[in-house]
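J.: Single-letter residue listing:
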Amino acid sequence: DVKVTQSSRYLVKRTGEKVFLECVQDMDHENMFWYRQDPGLGLRLIYFSYDVKMKEKGDIPEGYSVSREKKERFSLILESASTNQTSMYLCASSPTAGQGKSEQYFGPGTRLTVT
Amino acid sequence: AQKITQTQPGMFVQEKEAVTLDCTYDTSDPSYGLFWYKQPSSGEMIFLIYQGSYDQQNATEGRYSLNFQKARKSANLVISASQLGDSAMYFCAMREDNTGNQFYFGTGTSLTVIP
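Order-wise, the sequence lines are chains Z and V.
Residues in the first sequence are numbered from 96 upward in steps of one, following our numbering.
Residues in the second sequence are numbered from 239 upward in steps of one, following our numbering.
What the hints contain is simulated information worked out from the structure, not anything from laboratory work.
Every residue, glycine too, gets a C-beta built ideally from N, C-alpha and C.
Do not take every clue at face value.
[Unchecked claim] Quick list of the computed label-pair ranges, beta carbon to beta carbon:
#1 353(V) / 166(Z): 42 to 50 Å
#2 293(V) / 136(Z): 44 to 52 Å
#3 146(Z) / 269(V): 20 to 28 Å
#4 123(Z) / 266(V): 43 to 51 Å
#5 323(V) / 134(Z): 39 to 47 Å
[Said to hold, decoys possible] Listed below are the simulated DSBU-like cross-link pairs for lysine-lysine, each with C-alpha atoms no more than 35 Å apart in a straight line:
#6 196(Z) / 241(V)
#7 108(Z) / 241(V)
#8 113(Z) / 241(V)
#9 148(Z) / 254(V)
#10 308(V) / 196(Z)
#11 241(V) / 165(Z)
#12 152(Z) / 311(V)
#13 254(V) / 152(Z)
#14 152(Z) / 241(V)
[What the hints assert, rightly or not] Some but not every residue of chain Z turned toward chain V, in silico, with C-beta under 10 Å:
#15 136
#16 137
#17 153
#18 159
#19 203
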C-alpha cells in the first residue's frame with residue numbers, strides 16, 4: 096500500500112516563526128504536492144514538484160516555499176508564519192501522468208494554528 | 239475559469255437511497271482523468287473512483303459509479319444504497335494529461351446520510 100506520512104497531525108506556532116512541514120512517501124512517486132484546505136474553498140495547490148530539486152508554483156504560493164532534496168521527501172516551509180496561514184495542510188504524491196489512473200495519494204494532514 | 243465546479247455545498251440522503259453528486263469540468267486537453275475522493279470527518283482523503291477521458295464505459299467501483307457525459311463535461315458521482323458511513327465531504331478532481339501532473343479540485347460537497 097502507498098503510504099504518505101506527514102510529520103505532525105497538529106501544530107501550534109506563533110506569528111513570525113519559521114515552520115517546517117515534512118512529507119514522506121514510500122512508493123517512489125515522481126510527483127509530490129502541497130495543498131491547503133479551508134472550509135468552502137476546497138483544496139488549493141500551494142506548490143508541487145515533479146522531480147528532485149524541481150518545483151512549480153501552484154495557485155497560492157505566496158508566503159510559502161518548498162524543498163525536495165530527495166525523491167521521497169517534500170517539505171513545505173512557512174518563512175514567517177502569519178495568522179492567515181492557519182489551515183489544514185495536505186500532502187499528496189502521484190506517479191507521472193500516463194501511468195494508468197495515476198491517482199493522488201494523500202497524507203493524513205497537518206492542522207496548523209498560528210497564534 | 240474554474241476547472242472543476244461542484245455546485246452542491248451540502249446534500250442530504252435517506253439511508254439506503256441513492257444520491258448523485260454533481261461535478262462539471264472545463265478543459266481543452268483531449269486526454270484527461272477525472273477522480274472522486276471522499277474525506278470523512280477524520281480528515282484523510284480516500285480515493286473512490288477514476289474515469290479516463292477515452293474510457294467508453296462509465297466507471298464503477300462497488301456502490302460508486304461515475305455518470306460520465308463527455309459532451310456536457312460532467313462527471314457526476316452516484317452512490318447507491320447510502321450508508322451512514324457515507325456521510326463525508328466529497329471532492330471531484332481532474333488531471334490534464336498533456337499539460338503536466340497538476341490536479342484541479344472542486345470545492346466539495348458535504349453529504350449527510352439520514353437514518
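J.: Now tell me if each hint is right for this structure.
T.: Outcome of the hint check:
{"no.": "1", "hint": "353(V) / 166(Z): 42 to 50 Å", "verdict": "holds (46 Å)"}
{"no.": "2", "hint": "293(V) / 136(Z): 44 to 52 Å", "verdict": "violated (30 Å)"}
{"no.": "3", "hint": "146(Z) / 269(V): 20 to 28 Å", "verdict": "holds (21 Å)"}
{"no.": "4", "hint": "123(Z) / 266(V): 43 to 51 Å", "verdict": "violated (32 Å)"}
{"no.": "5", "hint": "323(V) / 134(Z): 39 to 47 Å", "verdict": "violated (22 Å)"}
{"no.": "6", "hint": "196(Z) / 241(V)", "verdict": "holds (19 Å)"}
{"no.": "7", "hint": "108(Z) / 241(V)", "verdict": "holds (34 Å)"}
{"no.": "8", "hint": "113(Z) / 241(V)", "verdict": "holds (33 Å)"}
{"no.": "9", "hint": "148(Z) / 254(V)", "verdict": "violated (49 Å)"}
{"no.": "10", "hint": "308(V) / 196(Z)", "verdict": "holds (17 Å)"}
{"no.": "11", "hint": "241(V) / 165(Z)", "verdict": "holds (31 Å)"}
{"no.": "12", "hint": "152(Z) / 311(V)", "verdict": "holds (27 Å)"}
{"no.": "13", "hint": "254(V) / 152(Z)", "verdict": "violated (43 Å)"}
{"no.": "14", "hint": "152(Z) / 241(V)", "verdict": "holds (17 Å)"}
{"no.": "15", "hint": "136", "verdict": "holds (6 Å)"}
{"no.": "16", "hint": "137", "verdict": "holds (4 Å)"}
{"no.": "17", "hint": "153", "verdict": "holds (7 Å)"}
{"no.": "18", "hint": "159", "verdict": "violated (16 Å)"}
{"no.": "19", "hint": "203", "verdict": "holds (5 Å)"}
Hints 2, 4, 5, 9, 13 and 18 from the earlier list are contradicted by this structure; the remaining hints agree with it.
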